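2 protein chains.
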Amino acid sequence: MKYTLSAKDLKSAARAGILHTAHGDIHTPVFMPVGTAGSVKAVHQRELEHDIQAEIILGNTYHLYLRPGIDLLEKAGGLHKFNGWKKPILTDSGGYQVYSLSENRKIHDEGVTFKSHIDGSKHVFTPESVMDIQRSIGADIIMAFDECTPYPCEYSYAKKSLKITHQWLERCVNRINTTEPRFGHEQALFPIVQGSVYKDLREQSAEFIASQNQHGNAIGGLSVGEPHDMMYEMTDVVCKILPADKPRYLMGVGTPENILECIALGIDMFDCVMPTRNARNGMLFTTQGIVNIRNEKWKDDLSPLDETLGGYASTFYSKAYLQHLIISKEILGAQIASIHNLTFYRWLVKEARRQILSGTFAAWKNAMVKIVSARL
Amino acid sequence: MKYTLSAKDLKSAARAGILHTAHGDIHTPVFMPVGTAGSVKAVHQRELEHDIQAEIILGNTYHLYLRPGIDLLEKAGGLHKFNGWKKPILTDSGGYQVYSLSENRKIHDEGVTFKSHIDGSKHVFTPESVMDIQRSIGADIIMAFDECTPYPCEYSYAKKSLKITHQWLERCVNRINTTEPRFGHEQALFPIVQGSVYKDLREQSAEFIASQNQHGNAIGGLSVGEPHDMMYEMTDVVCKILPADKPRYLMGVGTPENILECIALGIDMFDCVMPTRNARNGMLFTTQGIVNIRNEKWKDDLSPLDETLGGYASTFYSKAYLQHLIISKEILGAQIASIHNLTFYRWLVKEARRQILSGTFAAWKNAMVKIVSARL
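Line by line, the protein sequences are chains L and F. Read in this note's numbering, the first sequence has 228 at position 228, and its numbers run on one by one without any break. Just add 1000 to wherever you are in the second sequence, counting from 1, and you've got this note's numbering.
Some hints could be false.
[To be verified] Straight line, CA to CA, 30 Å or less: simulated DSBU-like cross-link-like pairs of lysine-lysine: (1) F:K1041 with L:K299; (2) F:K1246 with F:K1163; (3) L:K299 with F:K1087; (4) L:K297 with F:K1041; (5) L:K115 with F:K1299; (6) L:K75 with F:K1297; (7) L:K106 with F:K1297; (8) F:K1087 with L:K122; (9) L:K159 with L:K246; (10) F:K1163 with L:K329.
I should point out that these hints are in silico values taken from the structure, not numbers from a laboratory. No experiment lies behind these values; they were computed from the predicted model shown.
All chains, please: the whole structure from these sequences, using the hints.
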């Protein structure tokens, strides 16, 4: 898996690049729609490809492992064959979901024991098993099995947790190095920097992660409730250490504003459920600002959702019609808003890339942050 | 609104025709997808047009009147402009929904007083107001305001109800004759035959409805719980009386088998929530028979939903993937199954039409009824 750095912004740490994978090129900065259970919610695969023009989507190892299960994914020839998505897939390690189970999981040196949220059945994830599972899913990018610390988090816990995360990383690397890709295409491991909101831990972790010399590097444990300034500070600290010739992935981030600010800090890859989850609740991200479509003010606004953005969902349907659908709990409302928001996120990072390539990113970013975070 | 009779089957009462409307031609027999609140559930308008190739959809007056409301529909320029559907729209009269409110409605000579299921607010529908509402929705085909009797229904009640339905029809006809189309296109009234399961009442009603000499005629009050044989008997009785040079619409019917049998009795138009509602529960109608996708037997069946049927949803997605989505309550499951089922219904009536035109309908129908009603 090769990463080509195409351009660097002079007034910020923003970069434009291309990540070459067996399932196609990914132009960075990139936003990756989240397909938790093998489906980006309310969006057809052809809509992802043609309307949203996504270059990579996410799958969640925890969900896919429980349902449909690894046997079926193996039989299908991997998730690509199972759901028909032909471009790259990144899978998380399942760690984040498992830790969210709080009552129903136990962390030990070997790994994590947890109970399924579906049927209460007991399972164990280890660094080794999670590498094997992601190989069986057929992920192009495999995430290391880490512990994602919550916020707030005591320094002592963060330090202890980081030690385990690093130990587990070595086991992940070893497992990846001693196993073969499951379906013939390259499967690259991305290690994950942790360290909560502690600068020294983040630095220490970034150094360690960089030393693993994998194909890309990720930052986890942010966007878990800490103030935005703290998230930016930690991202900045880590980006300065992570190698410039590898893509940097900030996990679970975020709002359009977060994404623009973190591109400026040197992040290349993002994922977040926000555009789809908020879509289902009627929150639209547009080129003019944020629209709560349930608001009375859109009741008889027959103008398209976002003419500037373009595309089917955003120009064919009106605000008044979408409000009617969302209030009436019509499934089509979720479908329209999801395509719209993902198209907007795609536009945002694509435009950021264009600005980086033309050397105008920093000024554009400062102006755009105000626009995309304004409530209309 | 002109109806051209293209062919008549020699071995049954089946007919093929074309209903010419201001928003395009409708080739009959036709199945009309139901768009209750201005959206065919889980289906984009472009999917209705390009994948399902629907020639007409339904809207429900009761739902549209309550939400988004007639003021907004008027402002938009009618439902066509509001939801972007450019082909014909038929609206029911709201009667069926209002009667379903049982506790919350009262029938009197003037009309029906009812309480909204949304906010409990009180409303009155009269034959006149319902004609005006359907004009404001911009329906190409307006249904008469009738009383849809339940099953079972005492003879005495059915007879009394029929009298009111006929009185109301005269008021509907009078209102339509003394008002103008709201948006410049023709809006044709279809009266509705009632009479429960009583042959003499059905005959009497069919005679009366035929005497109104409108552009098409409908049969209501069937498919409300009575045995299929009774439904076929009543349909047969009525079809023999309704004029052959006008389209005949059997309301709320039904299964693929019901549709084939009623085409054979002389019905031209159908509507039913079954293909979309059952889709959301995982029931698929296919060219090979009925599939309950939740069944264990489809768990690892990686074959397409229905290769013979063709089309995106039915050939791109596998049975195993759809089972996974439906069981996981993923919205995409409802989307895929809805497009598939509507595509199947469209194929069924289109194929019936082809068989009528080529003089082979009766034998094809007898064979096809067995196939489409088999449980796989």
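Status of each hint after checking the structure:
1. F:K1041 with L:K299: 21 Å, holds
2. F:K1246 with F:K1163: Within the cut-off at roughly 24 Å; holds.
3. L:K299 with F:K1087: Answer holds: K299 of chain L to K1087 of chain F is near 25 Å, not above 30 Å.
4. L:K297 with F:K1041: Holds - the C-alpha atoms of K1041 of chain F and K297 of chain L are around 25 Å apart, at most 30 Å.
5. L:K115 with F:K1299: At roughly 23 Å apart (the allowed maximum being 30 Å), K1299 of chain F and K115 of chain L satisfy the hint.
6. L:K75 with F:K1297: 15 Å, holds
7. L:K106 with F:K1297: 36 Å, violated
8. F:K1087 with L:K122: 54 Å, violated
9. L:K159 with L:K246: OK: K159 of chain L and K246 of chain L at ~26 Å, within 30 Å.
10. F:K1163 with L:K329: Distance ~38 Å between K1163 of chain F and K329 of chain L Cα, so the pair is violated.
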